[in-house]
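Protein chains: 6
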Amino acid sequence: MPIVQIELLEGRTLEQKRSLVEKVTQAIIESTGAAPETVSIIIRDMPKENYAKAGKLASDK
Amino acid sequence: MPIVQIELLEGRTLEQKRSLVEKVTQAIIESTGAAPETVSIIIRDMPKENYAKAGKLASDK
Amino acid sequence: MPIVQIELLEGRTLEQKRSLVEKVTQAIIESTGAAPETVSIIIRDMPKENYAKAGKLASDK
Amino acid sequence: MPIVQIELLEGRTLEQKRSLVEKVTQAIIESTGAAPETVSIIIRDMPKENYAKAGKLASDK
Amino acid sequence: MPIVQIELLEGRTLEQKRSLVEKVTQAIIESTGAAPETVSIIIRDMPKENYAKAGKLASDK
Amino acid sequence: MPIVQIELLEGRTLEQKRSLVEKVTQAIIESTGAAPETVSIIIRDMPKENYAKAGKLASDK
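Residue numbers (the UniProt record's numbering), protein chains in the order written: chain A, 1 to 61; chain B, 1 to 61; chain C, 1 to 61; chain D, 1 to 61; chain E, 1 to 61; chain F, 1 to 61.
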């Protein structure tokens, strides 16, 4: 029943997302013993103006 | 004070969302006794390339 | 594939949670047409000192 | 290591977001003693049809 | 309608949380113009074994 | 800046969590090119009475 939410800065390609969900699912299966079909992953693409570190928007860096 | 976050694959109509928040709010009120005006719901529409099950993107199925 | 996250102030009984997930799942099925086995729900119990409205902790009210 | 997620109705300007992350980061530093560079903030813009209060979509009010 | 979720390493005092929600609410009001009573904040305390940076648990540092 | 949230049914050992964050971080680096020190992971342990699938609590199965 692992449910994973991943926030990324926007701009990842479909190929990168495909690879991401394959590898993250594999990582979860190997470390927790969960069955593959129980692993759900949600990706969220963040515009650069919607992410900040140390009080500064990524779009201002 | 119930706060609800719902992730759905994109493509739901306004009418479906209207019905969704009415019925989910009703379900919460009935089962927990919360007052209607304390129930907040956030809906998030997921593109098919942003959801995966068993290591496979929904857009690849 | 609907994934639901529900934050509640702690203190709900097992019976209330059981009723909550039955009714919320039913509400989602009816309004979106999703198949029952695709609906996942996560409940999170909040201590009163971990929830605030209008700048005031629920434990201070 | 504070990680903050903020849901807002869409329509905030870049200037409002810039001010938001500066002030919220400052608020966290002052109240918890966290170092500035450890504070991450994610903003999510909600369309009005994706937020409901008391069972009613914000777009219907 | 701003809804804020804040993840903190566990160990903050009640006084720190009280200050946190006051100051963060104030920061949101000032930068977005939201009315105070529309601002909800959820705090989540993370055990050190439930947070990782660069692939290492905080409890292992 | 990838930020990952993982919900697991409670009962994972410290060793499993250590392995989980190492492997998931590695998976993200390989597929997106993110730098290791930018990857944050939050794990949340769910009691079985706080997770439901198809309208049924995990604790009732």
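Think of the hints as simulated: they come from the structure by calculation, not from any bench.
Just so you know, even glycine gets a beta-carbon here, dropped at the ideal spot from N, CA and C.
Please note that a few of the clues may not be correct.
What the hints assert, rightly or not - Looking from chain E toward chain C, a few residues come up when the C-beta cut is under 7 Å (computed):
{"id": "1", "residue": "ARG18"}
{"id": "2", "residue": "SER19"}
{"id": "3", "residue": "THR25"}
{"id": "4", "residue": "PRO36"}
{"id": "5", "residue": "GLU37"}
{"id": "6", "residue": "ILE42"}
{"id": "7", "residue": "MET46"}
Closest C-beta approach of E:SER19 to chain C relative to 7 Å, hint status: This interface hint is violated because 10 Å lies over the 7 Å limit.
Would the hint on E:MET46 be counted as holding, given a Cβ-Cβ threshold of 7 Å to chain C? violated, 12 Å
Regarding the hint that E:ILE42 lies at the interface with chain C, is the smallest CB-CB distance below 7 Å? OK, holds: E:ILE42 within 7 Å of chain C, min 6 Å.
**Report entry** Hint check, E:GLU37 versus chain C [nearest Cβ-Cβ separation less than 7 Å]
**Finding:** At about 5 Å, which falls below the 7 Å cut-off, the nearest Cβ of chain C leaves the hint on E:GLU37 intact, so it holds.
Next item on the list: Using Cβ atoms only, decide whether E:ARG18 comes closer than 7 Å to chain C, and label the hint accordingly.
Entry: Constraint on E:ARG18 satisfied, holds at 6 Å.
Mind checking the CB of E:THR25 against every CB in chain C and telling me if the closest is under 7 Å?
-> With a minimum Cβ separation of about 4 Å from chain C (threshold 7 Å), the hint on E:THR25 holds.
task: Let me know if the C-beta of E:PRO36 comes in closer than 7 Å to any C-beta of chain C, holds or violated.
output: holds, 5 Å
Of the hints listed earlier, those the structure fails to meet are numbers 2, 7, in rising order.
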